[in-house]
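Construct all of the structure, not just a fragment, from the sequences and the given hints.
Next come the chains, spelled out residue by residue.
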Amino acid sequence: MISSITRLKDVAAWLAALGFAVMFAAFIVQIFSRYVLNDPTAWTQEVTLICYVWVVFWTSAFLLEERDQITFDMLILAAPVPARRWLAVICALLIAAAFATALPSTLDWIRFMRFEKSPVLGLRYDWLYSIFILFCAVVAVRALLRAKHLISVKWQREFYEQQPAEPAE
Amino acid sequence: MTLPFILVLAGFFGLSAIGMPIAYAMFVSSIGYLLFMHADLALFAEQILNNFIDSFVLLSVPLFILAANLMNAGGVSERLLRFCQALVGRFRGGLAHVNVIANIIFAGMSGSAIADAAGVGKLLAEMMVKTGRYSPGFASAVSASAATIGPIIPPSIPMVLYALVSDTSVGYLFLGGVIPGLLMGVALMAAIAWIARRRDFPRDEGVALAQLPRATLQALPPLMLPVILLGGIYGGAATPTEAASLAALYALALAALLYRSLSFREIVRMFVDSARATSVVALLIAGAFVLNYIVATERVPELVATWLDGSQMSPMLFLLLVNLLFLALGCLFDATTMLLVLVPLFIPTCRALGIDLVHFGVVIVVNIMIGLITPPYGVLLFVMSGLMKTPLGAIIREVWTFIAILLVALLIMILVPETVLWLPRQFGYEG
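As they're listed, the protein sequences go chains A and B. Read left to right, the first sequence gives residues 2 to 170 (this note's numbering). Read left to right, the second sequence gives residues 162 to 592 (this note's numbering).
Derived from the structure by calculation, the hints contain no laboratory data. Since no wrong hints were added, every one of them can be taken at face value.
Chain B stretches covered by chain A per the calculated footprint, using a threshold of three residues with CB under 8 angstroms from any CB of chain A:
id, stretch
1, 196-204
2, 207-218
Within a straight-line C-alpha distance of at most 20 angstroms, the following computed EDC-like cross-link-like pairs (lysine to aspartate or glutamate) qualify:
id, chain 1, residue 1, chain 2, residue 2
3, B, Lys-291, B, Glu-239
4, B, Lys-291, B, Asp-361
5, A, Lys-10, A, Glu-66
6, A, Lys-10, A, Glu-67
7, A, Lys-149, A, Glu-66
8, A, Lys-10, B, Glu-427
9, A, Lys-10, A, Asp-69
10, A, Lys-118, B, Asp-215
11, A, Lys-10, B, Asp-434
Backbone N, C-alpha and C fix where the C-beta goes; we use that ideal spot for every residue, glycine too.
Shown next as structure tokens:
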């Protein structure tokens, strides 16, 4: 179970790297075509923007952990561990609830965007934006799992493993 | 301002305070607001996605991150070191001066203070400690303070974000940062010279001046990068975003081909790391897109402008007060959040009072960067403490002198707008 999750994360990381590399390459092609060939291409700009949006929401959904995020942790680190645990549960449940609530309208709006197409490549916007649906759903599910984990008996592991990573005073 | 808006603010601050990541605190409180107002929840996705697709300038952020990562991993900093040592290594407290100079040069390649601290800052701090002449606290404080120059001298990720929220030209903002960045460097070196004399630091063994041409030659490939970047932008050849990708390509070529210091596997890891760092910033931007939509709907910036206009404040007094406010908030808040959420509140007032937006932008970014080294919440202090395994308290004791001298530099930039605006005007800025 653990190893298959690790493997899936590896695949997710490779895909993120690939998306990033394609974005980078499209930029280079754009510069080359404009300044060397003197024949600017329009599709590269679209490819970079699409890759950017996909890389950001893909990475945020699958690769970013709670500790990677920018958090205002000055107050919370002063609180005793049991209090931190229950506050973390509250945060996780609120995130899950908010994203789950927003999901149906998001789905509707993105389905509605099928009538719009990207100006150069003619790609349908509902496809381009579909990554956001995945992002919302994964965030909600991961937050629920986190809450479940924090409520379960194994919750200590996370807090005590985290301890040494904090700046020592 | 309506009650639901006050609830959004309370929700945002409350959730951040109990440890929810700031980006998610923005998402959750914004969704709460839309629910309260019985507004269409689709606005959430719409504001985020449509703004992302429209903000081409944001694409420079991942590329600047990639370039900095490649520079740090590719051994570029080591090669710059001899050059800096030949330049200022012979003085009293030589390595501390080398640290500042190396950061100034690195600032011309990287747009992120944290990347500079983790790269060239860590390297120099370790060298300083190894000589046995500098305490780890002092070495870390120098590295943290010098890293604040990174986003002032172009390229600069914070200035790209400011350009996004204020609708100002990235090119002129970048130019506006050059002299202030050098001013900060001079200020820090003056403080180091003063400390070195007072504590009677011995002279470090520098690299002989006769070696300077040779050291310069060796450092030339990385030194060319700022030239390519700025030459590209101001020669009119490339947009800042294109210049960012050229910089990343150049860094990749240096590391992978010239120095052969990166394997394919490591390059893949660089891309993954860059994707992660990009996403952390992008999620904050996404949160700010929704939150700022709500702030705009509630007409908050106009309220601020009307209120300040009614108080008959002079532009200079306004600038000073805003700077004091940001310094205070900088002790508590993260730089990106302040730039994306708080700065837009004051843009209409600046326009009404006739304050130049390039001047305001550079000054505010300098201010926010100083916030990165002000305790208790100073990200650069945390980074150096973690990297150098040095207690935060030891760094904080040493950093006060540097904070004080940087504040003097900031005051000069506020009182004399020409420090910021002179260079952009030479390139046709009509402000």
